[in-house]
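Asker: Chain by chain, the residues run as shown.
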Amino acid sequence: MLNYNSPINDQKEYSEIRITEVEPIIKLNLRGKKRDFMTKIGKELSIIPPSDPNSSSGNEKFNILWLSPDEWMLYSNDKSDLNNTNLLEEKLFNEVSKSKIGSITNVSDHWTMLNIKGKNTFDLLSTGCPFNFNDFKNTKGAVAQTLVNHIDVIIHNKDLNNLNLFVRRSFANHLWSWLNDSSRFF
Amino acid sequence: MFLINCPYCGERDQSEFSAGGEAHIIRPKQPTELSDDQWAEFLFMRKNIKGVQLERWNHAHGCRKWFNMVRDTSNDKIHAVYKMGEKPPIK
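First to last, the protein sequences are chains A and B.
For the first sequence, our numbering gives the first residue as -3, with consecutive numbering after it.
For the second sequence, our numbering gives the first residue as 516, with consecutive numbering after it.
To be clear, the hints were calculated from the coordinates, so they are not data collected in a lab.
Don't take each hint at face value.
What the hints assert, rightly or not - Going by beta-carbon spacing under 7 Å, a handful of chain A positions derived as facing chain B:
hint, residue
1, PRO49
2, SER64
3, PRO65
4, PRO126
5, GLN141
6, LEU143
7, ASP148
Yeah, the Cβ is synthetic: ideal placement off N, Cα and C, and Gly gets one too.
With the rest of the complex left out, here is chain A (with noise of 0.2 Å):
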């Protein structure tokens, strides 16, 4: 992880709506079509991929959300610090890039993940956002890839009423300020 500089670094509180830049965390993209891979990736972390569309697996140290049929992200769950970072991303470099049975890039400095929590979080997100959230707010360790504001995101429904959100850092600051106009009416 470089030296990472949050675009927003704040929390805010509105009507039933808390918005909170959790960071720094560990973001990892994990790709590999192998069985290898999932087997290196298990053994290594605890927990496997899922591979289940629009689902997330997880334990007490990390996520791992589903994005594509090839393609996951892992997230940390504690704010980490920086030598950490670089031994897991070390140690799975090692053992998936460099044997070639899929890639492991990191992205914690490419997302920046946003936490927002309360009764009007899925009112305040379909304000600007095509996805139909009825079945996904219901359903915790879902993920949707989808657009808010034009923007693109992911969106790991935690708990009731509890979701994290990632957007691309350069989106970041834009989006925060939608956030924070939107939250305003409720």
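Place chain B on chain A using the hints.
Answerer: Coordinates of chain B only, in the frame set by chain A:
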């Protein structure tokens, strides 16, 4: 606006997808042996019919996978969706 059933992610809004034009156009095996007209025919000329058409689509704001679709261009009715490499379910 209409809904598209992505073969990987499920039903999503059309705004998450981008159209990739007509499907099943076979690339010539030896492009260097073609005349300019034949190459232009492969590269640019499309049927662009009003009615049922086989198309390529990409779930650009979702799983980013390409797939094929049988769509009626006159009313946006989607008859079938199938993965790349599969044969069209209807002709």
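Asker: So, A:SER64 near chain B? Judge it on the closest CB pair being under 7 Å.
Answerer: Hint holds; A:SER64 Cβ to chain B Cβ min 4 Å, cut 7 Å.
Asker: Can the hint on A:PRO49 be confirmed by a CB-to-CB distance to chain B that is less than 7 Å?
Answerer: This hint holds: A:PRO49 lies near chain B, its Cβ roughly 6 Å from the closest one there, short of 7 Å.
Asker: Report holds or violated for the interface hint on A:GLN141, using the least CB-CB distance to chain B and a cut-off of 7 Å.
Answerer: holds (5 Å)
Asker: Let me know if the C-beta of A:ASP148 comes in closer than 7 Å to any C-beta of chain B, holds or violated.
Answerer: This hint holds: A:ASP148 lies near chain B, its Cβ roughly 5 Å from the closest one there, short of 7 Å.
Asker: Could you check if A:PRO65 really has its C-beta closer than 7 Å to a C-beta on chain B?
Answerer: holds (6 Å)
Asker: With a cut-off of 7 Å, does the beta carbon of A:PRO126 approach a beta carbon of chain B closely enough for the hint to hold?
Answerer: A:PRO126 check passes; min Cβ-Cβ to chain B is 3 Å, inside 7 Å.
Asker: Holds or violated: the hint that A:LEU143 contacts chain B, with Cβ atoms closer than 7 Å.
Answerer: This hint holds: A:LEU143 lies near chain B, its Cβ roughly 5 Å from the closest one there, short of 7 Å.
Of the numbered hints stated above, none is contradicted by the structure.
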